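Asker: Read off the chains here:
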Amino acid sequence: MTFSDPLPLRSGAAIRGYALAYETYGTLNSDKSNAVLICHALNASHHVAGSYAGQPGSQGWWDTMIGPGKPVDTDRFFVIGVNNLGSCFGSTGPMHVNPDTGKVYGADFPVMTVEDWVDAQARLLDGLGIERLAAVMGGSLGGMQALSWTLQYPQRVRNGVVIASAPNLTAENIAFNEVARRAIVTDPDFHGGHFYEHGVVPKRGLRIARMIGHITYLSDDVMNEKFGRQLREGIELKYSTQDIEFQIESYLRYQGDKFSEYFDANTYLLITRALDYFDPALQYEGNLAKALARATARFLLVSFTTDWRFAPRRSRELVKALLDNRRDVSYAEIDAPHGHDAFLLEDPRYLGAVRSYFERIEKEMAA
Amino acid sequence: MSDRLTMESIARLVPQGSRVLDLGCGDGALLDHLQRERACYGYGIEIADANVLACVKRGVNVIQLNLDEGLAMFDDGSFDVVLQIDTLQHLRNAETMLVETARVGRAGIVAFPNFAHWPNRLSIARGRMPVTKRLPYQWYDTPNIRVGTFKDFEVLATKNRLTILEAYGLQEGREVRVLPNARAGTAVFKFERG
Numbered sequence: 001m002t003f004s005d006p007l008p009l010r011s012g013a014a015i016r017g018y019a020l021a022y023e024t025y026g027t028l029n030s031d032k033s034n035a036v037l038i039c040h041a042l043n044a045s046h047h048v049a050g051s052y053a054g055q056p057g058s059q060g061w062w063d064t065m066i067g068p069g070k071p072v073d074t075d076r077f078f079v080i081g082v083n084n085l086g087s088c089f090g091s092t093g094p095m096h097v098n099p100d101t102g103k104v105y106g107a108d109f110p111v112m113t114v115e116d117w118v119d120a121q122a123r124l125l126d127g128l129g130i131e132r133l134a135a136v137m138g139g140s141l142g143g144m145q146a147l148s149w150t151l152q153y154p155q156r157v158r159n160g161v162v163i164a165s166a167p168n169l170t171a172e173n174i175a176f177n178e179v180a181r182r183a184i185v186t187d188p189d190f191h192g193g194h195f196y197e198h199g200v201v202p203k204r205g206l207r208i209a210r211m212i213g214h215i216t217y218l219s220d221d222v223m224n225e226k227f228g229r230q231l232r233e234g235i236e237l238k239y240s241t242q243d244i245e246f247q248i249e250s251y252l253r254y255q256g257d258k259f260s261e262y263f264d265a266n267t268y269l270l271i272t273r274a275l276d277y278f279d280p281a282l283q284y285e286g287n288l289a290k291a292l293a294r295a296t297a298r299f300l301l302v303s304f305t306t307d308w309r310f311a312p313r314r315s316r317e318l319v320k321a322l323l324d325n326r327r328d329v330s331y332a333e334i335d336a337p338h339g340h341d342a343f344l345l346e347d348p349r350y351l352g353a354v355r356s357y358f359e360r361i362e363k364e365m366a367a
Numbered sequence: 001m002s003d004r005l006t007m008e009s010i011a012r013l014v015p016q017g018s019r020v021l022d023l024g025c026g027d028g029a030l031l032d033h034l035q036r037e038r039a040c041y042g043y044g045i046e047i048a049d050a051n052v053l054a055c056v057k058r059g060v061n062v063i064q065l066n067l068d069e070g071l072a073m074f075d076d077g078s079f080d081v082v083l084q085i086d087t088l089q090h091l092r093n094a095e096t097m098l099v100e101t102a103r104v105g106r107a108g109i110v111a112f113p114n115f116a117h118w119p120n121r122l123s124i125a126r127g128r129m130p131v132t133k134r135l136p137y138q139w140y141d142t143p144n145i146r147v148g149t150f151k152d153f154e155v156l157a158t159k160n161r162l163t164i165l166e167a168y169g170l171q172e173g174r175e176v177r178v179l180p181n182a183r184a185g186t187a188v189f190k191f192e193r194g
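Chains as they are written, first to last, in my numbering: chain A, 1 to 367; chain B, 1 to 194.
Just chain A, same shape as in the assembly (with noise of 0.2 Å):
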């Protein structure tokens, strides 16, 4: 969907001409009001469900959790994915062209906040002649925009379901997505983020940052059992410094590869940048539960036991907040070893909360 009407940002600017990517699965009902939108974190985008024909691997990235008698049920619910501004995977973002220079974003690109996102998510539901959600929900910085829209738009979502996320980012959160920027910036492929007109790719700069990324998703038991210090091949040292010796090097470096060669290194920046801001109780002097106070819709909150990078604490304090101001709200706090990765693996306690909790939102729909 296009939109011509400029979309005011928090840094002051405001994109005009953009477009964003989406994707609905099932059928709105005649009064709208089973529609479920889908926030996507950092490395996702508007396909959330199902296969493309003849596209063997384009599962969509939370395809455990939705579709068709899945948790998330699109025989019941119309859900909506959406591409976020400054995303790499269909919407506008720093690869296109600003109206206003007639030249590629690049770095200039503005600046994008998680409420930034959520205005412009809440635009194509005005698109869509949706007015009120049955449910917004995401899992880590998408976690954080489902949590701002019942913020911002709290007469426009019934329930928020906010998993394996915080109500901001920890220092050390911050240093990871710091970390990664700087091998973006300084792979000297990156040219002040106008790479593009140089037809060159920062893939040293992406992968180093995904390597580190994958690490902090990980919990070191699971990296444990699933790499050990298992070598490649066979069982000798090589007593080299820079060969692949161990599985686990290997393995990183085979996700950056990856990674390098289809995200761009400007998304990367702008998304960890939105993640390093977002922080709802900023502006009541660090009070969660003032923050919150505005938040009118019933919660679903899950986090994971090993999932260090958005630690089950974190959820913890947005429980608090909510049940200060009295809100309805349930936590499963799920013990499971995958870290942060869990919140997209299959797994039947945190599969099964959330199918209740959708089955007890279809019920209110018919009352």
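Just to be clear, a hint being listed does not mean it is correct.
[To be verified] Some chain A residues judged to face chain B by a derived CB distance under 8 Å, without partners named: (1) R316; (2) V319; (3) K320; (4) D328; (5) Y331; (6) A336; (7) P337; (8) D341; (9) R349; (10) A353; (11) S356.
Hints in this document: simulated from the structure, not taken from any laboratory. Since this is a predicted model, take the numbers as computed values, not measurements. For glycine and all other residues, C-beta sits at the position ideal for the given N, C-alpha and C.
Starting from the known structure of chain A, arrange chain B on it as the hints suggest.
Answerer: Only chain B this time, still in chain A's reference frame:
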């Protein structure tokens, strides 16, 4: 403990429209009942995945926490009533949690199996730990790690300067007010900070 009469007896101790916190809420049946029949509003705390799921299914607010980690998430007096129904006997820090219950709730309600019920005494007299409908476990696999009696609780409450507002036994769903320590399988107390 989930039978209807028992639930109704405990529900009668909860004032209409109370804000309720149910520690160890199980499948959420009592909270559901309180919400429907007594216009209460509240949250359950549970550790077991299956119970969390059951609560979400029922539409009862549930927060998955380990009570052995305490109630730091809850402010003083932030609930009208805090319930501990068949929970106390499973807690390592039973005394701390009793005090916490009285801190977070303006009133606390506790129910637990009374080990001084006469069939239990009989069993002990015969030299064996009781195994009954109410206490169906063998001594070596029981989740009831705190073994106490109606009278024991009165002593513990006094020690912690709690004021007992109501105390009675429950047997087969009936309230036992005469000699509850011998005649009831379940002890029920309602109390507040002294």
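Asker: Taking the hints in turn, state whether each one holds.
Answerer: Verification of the hints:
For A:R316, the interface hint holds, the least distance from its beta-carbon to any beta-carbon of chain B being 6 Å, beneath 8 Å. For A:V319, the interface hint holds, the least distance from its beta-carbon to any beta-carbon of chain B being 6 Å, beneath 8 Å. The beta carbon of A:K320 is positioned within 8 Å of a beta carbon in chain B (closest approach about 5 Å), and the interface hint is therefore held. For A:D328, the interface hint holds, since its Cβ comes within 8 Å of a Cβ in chain B; the closest pair sits about 6 Å apart.
Satisfaction of the interface hint for A:Y331 is found here, the shortest Cβ-Cβ separation to chain B being roughly 5 Å, below the 8 Å cut-off. This hint is violated: A:A336 has a C-beta 11 Å from the nearest C-beta of chain B, more than the 8 Å allowed. The beta carbon of A:P337 comes no nearer than 15 Å to any beta carbon in chain B, farther than 8 Å, and the hint placing it at the interface is violated. Using the Cβ-Cβ criterion of 8 Å, the hint placing A:D341 at the interface with chain B is not satisfied: the shortest such distance is roughly 19 Å.
Checking A:R349 against chain B by beta carbon gives a least distance of about 5 Å; that is within 8 Å, so the hint holds. Below 8 Å, beta-carbon pairs count as interface contacts, and A:A353 has one with chain B at about 6 Å; its hint therefore holds. Hint on A:S356 holds. Least Cβ distance to chain B is approximately 4 Å, under the 8 Å limit.
The structure does not agree with the numbered hints 6, 7 and 8 stated previously, though it agrees with the rest.
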